[in-house]
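Read off the chains here:
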Amino acid sequence: MAASGTPLAPEAPRLHVAPGPHLVSAGRSTRGMMVDALVGLAPVLTAAVLVFHEWALLQLALCLVSCALFEAVFARLGGREVQLADGSALVTGAILGMSLPWSVPWYVAVVASAVAIGIGKAAYGGLGQNVFNPAMVGRAFVMVSFASVMGAASYVRPGAGLAVVTQATPLTAAKEAAGAADIPGLWPLFLGVTNGSLGETSALACLVGGLWLCWRRSAAWRIPTAVFAGAAAAAAAARLLDPSSALGVGHHLLAGSLAFGAFFIATDPVTSPLSHRGQWLFGAGIGVLVIVIRLLSNYPEGVVFAVLLMNAAVPLIDRATVPTPLGGVPPADREAAS
Amino acid sequence: MMGFAVGDLAAPITKGTSGVTVLTATDLARSRETACVRCGRCIEVCPMGLVPTRLALAVRARAWEATRRYSIHACMECGCCAWECPARIPLVQLIRVGKAHRAAA
Numbered sequence: 001m002a003a004s005g006t007p008l009a010p011e012a013p014r015l016h017v018a019p020g021p022h023l024v025s026a027g028r029s030t031r032g033m034m035v036d037a038l039v040g041l042a043p044v045l046t047a048a049v050l051v052f053h054e055w056a057l058l059q060l061a062l063c064l065v066s067c068a069l070f071e072a073v074f075a076r077l078g079g080r081e082v083q084l085a086d087g088s089a090l091v092t093g094a095i096l097g098m099s100l101p102w103s104v105p106w107y108v109a110v111v112a113s114a115v116a117i118g119i120g121k122a123a124y125g126g127l128g129q130n131v132f133n134p135a136m137v138g139r140a141f142v143m144v145s146f147a148s149v150m151g152a153a154s155y156v157r158p159g160a161g162l163a164v165v166t167q168a169t170p171l172t173a174a175k176e177a178a179g180a181a182d183i184p185g186l187w188p189l190f191l192g193v194t195n196g197s198l199g200e201t202s203a204l205a206c207l208v209g210g211l212w213l214c215w216r217r218s219a220a221w222r223i224p225t226a227v228f229a230g231a232a233a234a235a236a237a238a239r240l241l242d243p244s245s246a247l248g249v250g251h252h253l254l255a256g257s258l259a260f261g262a263f264f265i266a267t268d269p270v271t272s273p274l275s276h277r278g279q280w281l282f283g284a285g286i287g288v289l290v291i292v293i294r295l296l297s298n299y300p301e302g303v304v305f306a307v308l309l310m311n312a313a314v315p316l317i318d319r320a321t322v323p324t325p326l327g328g329v330p331p332a333d334r335e336a337a338s
Numbered sequence: 001m002m003g004f005a006v007g008d009l010a011a012p013i014t015k016g017t018s019g020v021t022v023l024t025a026t027d028l029a030r031s032r033e034t035a036c037v038r039c040g041r042c043i044e045v046c047p048m049g050l051v052p053t054r055l056a057l058a059v060r061a062r063a064w065e066a067t068r069r070y071s072i073h074a075c076m077e078c079g080c081c082a083w084e085c086p087a088r089i090p091l092v093q094l095i096r097v098g099k100a101h102r103a104a105a
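Quick mapping for you: the protein sequence lines, in order, are chains Y and U. Heads up: the first sequence runs through residues 1 to 338, numbered per the numbering used here. Heads up: the second sequence runs through residues 1 to 105, numbered per the numbering used here.
FYI, nobody ran anything at the bench for these hints, they're computed from the structure. Hints should not be assumed to be uniformly reliable.
Beta-carbon label-pair distances, calculated as ranges [said to hold, decoys possible]:
(1) 19(U) x 61(Y): 52 to 62 Å
(2) 15(Y) x 16(U): 35 to 45 Å
(3) 105(U) x 240(Y): 57 to 67 Å
(4) 73(Y) x 19(U): 46 to 56 Å
(5) 2(U) x 50(Y): 30 to 40 Å
(6) 14(Y) x 105(U): 47 to 57 Å
To list a few chain U residues with every Cβ distance to chain Y over 12 Å, as calculated [unchecked claim]:
(7) 4
(8) 14
(9) 15
(10) 16
(11) 62
(12) 74
(13) 87
(14) 101
(15) 102
Backbone N, C-alpha and C define an ideal beta-carbon position, used for all residues, glycine too.
Construct the complete structure from the given sequences, taking the supplied hints into account.
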């Protein structure tokens with residue numbers, strides 16, 4: 001229908017024809033979800049700076065810059081387009097920074113970032129392809145490789161000028177029989193005026209930021225709910241089995257990085273299940289594993305490994321929780337029948 | 001969102017035509033695709049109870065057996081999944097390719 005321009009036969013418009021839909025809801029983008037995550041972390045960052053002062057800013061800055069740098073480097077090495085603008089490297093950096101102790105040397109933050117981005121993300125093919133939470137991969141790596149500077153003793157340094165670091169972290173105190181008197185009450189644990197990793201101390205800050213994130217639907221609310229429920233159930237069971245233990249259910253829920261992990265680490269969409277049922281299973285698994293690792297292993301805190309273990313189970317959980325199509329045969333029955 | 005594309009302005013309007021939509025380049029400007037982050041929104045909105053991200057990425061990977069297992073034939077191409085997708089993945093278009101492959105096979 002090409003026509004030359006005349007008054008009676010105007011130029012045919014150039015039409016680009018494609019199957020619909022052609023428009024996408026403007027309210028959401030991947031970048032928007034990452035920005036939401038950073039905004040949700042703002043209360044946690046604020047609490048960290050209030051408790052740990054300049055140390056919090058130092059570790060955070062190191063991790064943010066390193067993660068962004070390694071994201072660009074590994075994308076270039078892998079022949080992929082560098083997409084720093086999607087913000088995912090910054091979110092990984094912020095979470096990683098908040099999971100470190102205040103006193104770690106600069107190279108720990110840099111190595112953790114390199115491993116988080118390089119092994120935790122780039123080796124799998126970049127954003128969306130990884131199985132394990134990148135920040136947790138980096139954290140686990142430095143936890144094991146630099147055990148002396150990351151261990152319980154590194155949190156405590158009486159002369160550093162910070163009020164909280166004169167005492168062991170609450171979970172470490174619970175681990176050592178002699179430290180039972182050092183366990184803070186529930187209110188200090190909730191507010192965060194205790195020792196610990198940079199972001200884990202204030203359950204209040206995690207709650208505020210995390211609830212906002214769930215309200216924005218950038219985090220699936222079923223996961224933190226399931227984590228707390230699973231942890232509470234396991235802690236209650238442990239308390240029933242051993243009523244003399246130092247930590248009650250409230251302590252377990254408010255101490256350590258359970259709140260931080262529940263709202264910001266476990267909810268990473270890439271490494272958590274797709275379906276609602278799967279999310280309940282995943283969260284409950286993390287909650288139970290955190291308590292098991294805290295009580296039965298040498299580690300005072302179990303969030304890092306609990307998340308990594310459940311990440312490994314996610315492909316299986318996804319496979320087991322495929323939804324049944326409307327009016328259709330459940331996938332498992334279909335596989336058996338075919 | 002379920003209308004079909006017309007490539008020729010000579011196509012007639014029938015009494016069943018409820019509307020004609022013409023979009024400009026600016027309307028379509030925000031459709032740059034990024035990686036699927038498995039947010040799960042497509043699954044939440046799918047009225048047929050499917051897993052659109054699995055289907056679309058399986059089609060891209062030419063994993064035809066996976067598309068059969070995840071019931072690609074049940075998709076009614078309503079477009080709700082693609083509307084919700086934050087990563088702007090062309091889910092409906094990819095699922096259509098997968099269905100065409102099944103029809104041709």
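For each hint, the structure was consulted:
no., hint, in the structure
1, 19(U) x 61(Y): 52 to 62 Å, "54 Å, holds"
2, 15(Y) x 16(U): 35 to 45 Å, "21 Å, violated"
3, 105(U) x 240(Y): 57 to 67 Å, "59 Å, holds"
4, 73(Y) x 19(U): 46 to 56 Å, "50 Å, holds"
5, 2(U) x 50(Y): 30 to 40 Å, "53 Å, violated"
6, 14(Y) x 105(U): 47 to 57 Å, "35 Å, violated"
7, 4, "7 Å, violated"
8, 14, "19 Å, holds"
9, 15, "22 Å, holds"
10, 16, "17 Å, holds"
11, 62, "17 Å, holds"
12, 74, "4 Å, violated"
13, 87, "5 Å, violated"
14, 101, "15 Å, holds"
15, 102, "15 Å, holds"
Hint compliance for this structure: hints 2, 5, 6, 7, 12 and 13 are broken, all remaining hints hold.
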